[in-house]
Structures are given as C-alpha cells and as structure tokens.
Amino acid sequence: SQKIEQNSEALNIQEGKTATLTCNYTNYSPAYLQWYRQDPGRGPVFLLLIRENEKEKRKERLKVTFDTTLKQSLFHITASQPADSATYLCALNSGTYKYIFGTGTRLKVLA
Amino acid sequence: SAVISQKPSRDICQRGTSLTIQCQVDSQVTMMFWYRQQPGQSLTLIATANQGSEATYESGFVIDKFPISRPNLTFSTLTVSNMSPEDSSIYLCSVGREGEKLFFGSGTQLSVL
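One line per chain: the protein sequences are Y and H, in this order. For the first sequence, position 28 matches number 28 in the numbering used here, and the numbering has no gaps at all. For the second sequence, position 103 matches number 103 in the numbering used here, and the numbering has no gaps at all.
FYI, nobody ran anything at the bench for these hints, they're computed from the structure. Do not rely on the hints blindly, as some may be mistaken.
[Said to hold, decoys possible] Sample of chain H residues with no beta-carbon within 10 Å of chain Y, all distances over it, derived:
1. L43
2. T48
3. Q51
4. G60
5. N82
6. S94
7. G96
8. F104
9. S111
[To be verified] Some chain H residues well away from chain Y (every beta-carbon gap over 10 Å; in silico):
10. D11
11. T20
12. L45
13. S53
14. T74
15. T77
16. F103
[Unchecked claim] DSS-like cross-link-like pairs, simulated, lysine-lysine; straight-line CA separation at most 25 Å:
17. Y:K3 x H:K7
18. H:K101 x Y:K59
19. Y:K55 x Y:K17
20. H:K101 x Y:K57
21. Y:K63 x H:K65
22. Y:K59 x Y:K108
Quantities reported herein were computed from a predicted structural model and do not represent experimental measurements. Just so you know, even glycine gets a beta-carbon here, dropped at the ideal spot from N, CA and C.
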C-alpha cells in the first residue's frame with residue numbers, strides 16, 4: 001500500500017542552524033510533492049510544491065529537494081528561528097484531487 | 001488564495017449524539033474536502049464535496065456516519081453522527097484544485113466522552 005514516512009520523533013535544533021526534515025515514500029509515483037506547516041490548533045499552511053521533474057525548489061529560507069529515484073524529499077530551513085517551531089507535513093499528489101499526507105515531524109528551534 | 005472559516009473550533013460531545021461542522025469559504029470553489037486528523041496520525045481524506053452532487057466518500061467512511069451537505073459554491077457542512085470516543089479527532093475543511101496547494105480551515109477539535 002502507499003506509504004509516506006516522516007521522522008515521528010521531534011527534531012530539536014539550535015537557532016541559526018539549518019533544519020533538515022525527511023519525507024520517504026513507497027508504492028507511489030507522485031506528480032507533485034508538497035510541504036505544509038501546522039501549528040497547534042491550526043490547519044496546515046502550504047509552504048512549497050515541487051514537481052516530479054524538478055530537483056530543487058527554493059523560497060526565501062526554505063529549500064525542498066525531490067529525488068524520485070530514492071523516493072525521498074528533503075526539506076531544509078536555513079538560519080532557523082524559534083518562530084519556525086511547528087509540525088511540518090509532507091504530502092504527495094498524483095495530479096488528482098487526492099493527497100496523501102505524512103504524519104509530520106515536529107521541529108523545535110531552541111533560542 | 002482562499003480564506004476558510006470553520007466552526008466550531010472545538011466541542012466536547014456525549015456519546016451517541018451528532019455534531020455538525022460548518023465550513024465557509026471566501027470565494028467560490030468547485031471542490032471542498034473534509035479531512036480527519038487523529039492524534040499522532042496523518043490527515044486522512046473523508047470525502048470530497050461538489051456542489052449539486054452527492055459527496056464522494058473514501059474507503060472506510062460512509063454517508064450514514066459522515067453526512068455532508070454542499071448547498072452552494074462557498075459553503076459545506078460535515079456531520080459526525082452517533083458519535084463514539086473513537087471519533088475524537090480534529091476535523092478539517094479544505095479547498096484546492098487538482099495537483100495544486102490546499103487551503104485549510106483552522107479545524108474542529110472534537111472530543112467525545
């Protein structure tokens with residue numbers, strides 16, 4: 001069955017460092033991969049979308065890579081700040097309305 | 001972009017009762033989605049609601065348990081019927097086009113006693 005794996009353990013990093021989150025998937029051929037941020041008590045907020053034919057996408061301090069051979073995406077936050085503390089969700093989409101979400105990785109940036 | 005207002009934001013309900021969650025979008029959208037997010041779990045799609053047609057339910061979700069209304073292009077409701085503690089979860093309304101980003105409401109935190 002289709003499966004997305006994100007590190008379920010919380011990631012703690014020091015302010016100013018680069019946070020790297022991993023999303024691995026199996027039994028799926030996504031056309032798109034997306035990353036969302038979710039704060040407690042809030043719905044997810046879209047951050048970045050990367051297509052299957054793209055290797056890397058950047059937006060300000062955020063960078064996403066997409067390796068369809070390894071079936072993996074890496075999400076980087078450079079110069080991390082305490083305000084970046086949240087849960088980050090990976091989502092796959094094959095070009096339809098149906099998305100498959102990972103369980104998310106909780107990031108905590110320590111001041 | 002789309003701004004979604006969802007209510008209630010949270011509720012505590014008794015076993016056997018029903019709760020209706022409302023979702024209002026600030027623009028007309030074709031498709032609206034209802035997700036469930038159980039503690040420690042990923043978002044799971046319950047159903048897709050199109051205006052003027054029956055909602056399409058995903059495997060494991062049935063209309064008798066989760067009836068959905070979609071009276072117009074900006075509004076939808078999800079009812080959680082005959083609730084049990086296993087229904088305790090966050091329910092999220094969402095809109096988006098195929099293959100594009102999703103916009104979410106702030107969610108409804110439901111606790112069933």
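Consistency of the hints with the structure:
1. L43: violated (4 Å)
2. T48: violated (6 Å)
3. Q51: holds (14 Å)
4. G60: With a cut-off of 10 Å, H:G60 remains clear of chain Y, as the shortest Cβ separation is near 13 Å.
5. N82: Non-interface label on H:N82 holds, nearest chain Y Cβ at 26 Å vs cutoff 10 Å.
6. S94: violated (8 Å)
7. G96: violated (8 Å)
8. F104: violated (3 Å)
9. S111: holds (13 Å)
10. D11: Holds: least Cβ distance 14 Å, greater than 10 Å.
11. T20: Holds, because the least Cβ-Cβ distance between H:T20 and chain Y comes to about 18 Å, which exceeds 10 Å.
12. L45: Its Cβ does come within 10 Å of chain Y, the nearest being 6 Å, so this is violated.
13. S53: holds (14 Å)
14. T74: Per Cβ check, H:T74 is outside 10 Å of chain Y; nearest 17 Å; holds.
15. T77: holds (17 Å)
16. F103: violated (7 Å)
17. Y:K3 x H:K7: Outside the cut-off at roughly 31 Å; violated.
18. H:K101 x Y:K59: holds (15 Å)
19. Y:K55 x Y:K17: holds (23 Å)
20. H:K101 x Y:K57: holds (15 Å)
21. Y:K63 x H:K65: Given pair Y:K63, H:K65 is violated - Cα atoms ~41 Å apart, limit 25 Å.
22. Y:K59 x Y:K108: holds (20 Å)
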